[in-house]
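Engineer: Go ahead and model the full structure; you've got the sequences and the hints to work with.
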Amino acid sequence: LFFESMGKKLFASVLSATRPMDNMPLHFDLPQEDELATVLLLGPQTYSPYFSISFMKDERQYRPYQAMRETEVPPQERNAWMAAFRYLLTKLKCRDILQQRRSGKHRSKQLLLKSPCHTARPEMLLQLFPKAKFVYIHRNPFEVFLSGAHMASTTYGYMFLQRPTDAELQEYILKQGEVLVGEYQRCKDIGLLTNENLVEISFEDLTKDPYNKLSEVYRKFGWASASFPSNLEEISKHTDENHVKFLEKLKEHCLKLKSYQRNKFADKRLDKKLKETIRSRWSRHFDFGYSKDW
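Going by the working numbering, the first residue of the sequence shown is number 1289, and it counts up by one from there.
I should point out that these hints are in silico values taken from the structure, not numbers from a laboratory.
Nothing here was measured: the structure is a model prediction, and the numbers come from that model.
Be aware that a few hints might be false.
Unchecked claim - List time: in silico BS3-like cross-link candidates among lysine-lysine, alpha-carbon distance up to 27 Å:
hint, residue 1, residue 2
1, 1345, 1563
2, 1297, 1381
3, 1508, 1496
4, 1508, 1421
5, 1463, 1580
6, 1560, 1402
7, 1397, 1381
8, 1561, 1402
9, 1393, 1379
10, 1421, 1379
11, 1397, 1539
12, 1381, 1563
13, 1496, 1381
14, 1496, 1421
15, 1345, 1463
16, 1402, 1297
17, 1297, 1537
18, 1397, 1533
19, 1463, 1563
20, 1393, 1563
21, 1496, 1544
22, 1544, 1563
23, 1463, 1533
Structural biologist: Below you can see the structure in the form of structure tokens.
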């Protein structure tokens, strides 16, 4: 709340122009994973799966923190994480109020969070925020594995305090995929995630047509005060000035996304044994209609 503007200036030269694992821009004003901030607020308490990246030899002890299920995490640890998470969201809300006062605007905003580990946490998140909404982006499981392996080879090394073997790193990626999607699908199976609070979209559709996919989410949850035009060219026809400004910003962002050069994995090869392991252990990843051939 107080150090942000100064911190951006002090550490501006620390960041590279893009993330190490892909071509996505990296900047202090761009969204980042909220789990990172929650970890900092936890102080010396290591109640997050993110610590497993630094301590790969001991990563098994951090697995329960992926889903934070009551049956797997002691109450005091779970409560400590939830307290830090609530505190972070309270600070974000205070920041938003202060910014709106400075700009002379006064309107409620929807808080949008993105951390991969939240994929396994709908049950806990709905306990904290019963009216929460979820957007799940699914992708071809083989590409997900290759993307995870690429991130491990290009990024994890900066954070290792214990260096894993290739076999340990592969097991980490496989187990993570099992837990995240397994818990997500379990929450659907028991009725916690329904058509009322969930939108599912494919990564392919999002990258090919970001505007219509994002507008689909906004329409589904009623996050926009007016309807979305069927294509970008019709934005100017709207009479609501504020909504037009919002759509113009969305249009600008979507055009940037369409020009983004994502990592390509079509030419990558997986051996027969590994492909069979992915089909078996990540079976629920294929529930979205993906072919088991690669």
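Engineer: It remains to establish, for every hint, whether it holds in the given structure.
Structural biologist: These are the hints, each one checked on the structure:
no., hint, result
1, 1345 to 1563, "holds, 25 Å"
2, 1297 to 1381, "holds, 23 Å"
3, 1508 to 1496, "holds, 20 Å"
4, 1508 to 1421, "holds, 10 Å"
5, 1463 to 1580, "holds, 19 Å"
6, 1560 to 1402, "violated, 34 Å"
7, 1397 to 1381, "holds, 9 Å"
8, 1561 to 1402, "violated, 33 Å"
9, 1393 to 1379, "holds, 19 Å"
10, 1421 to 1379, "holds, 20 Å"
11, 1397 to 1539, "holds, 19 Å"
12, 1381 to 1563, "violated, 45 Å"
13, 1496 to 1381, "violated, 33 Å"
14, 1496 to 1421, "holds, 24 Å"
15, 1345 to 1463, "holds, 14 Å"
16, 1402 to 1297, "holds, 25 Å"
17, 1297 to 1537, "holds, 25 Å"
18, 1397 to 1533, "holds, 15 Å"
19, 1463 to 1563, "holds, 15 Å"
20, 1393 to 1563, "violated, 53 Å"
21, 1496 to 1544, "holds, 12 Å"
22, 1544 to 1563, "violated, 34 Å"
23, 1463 to 1533, "violated, 44 Å"
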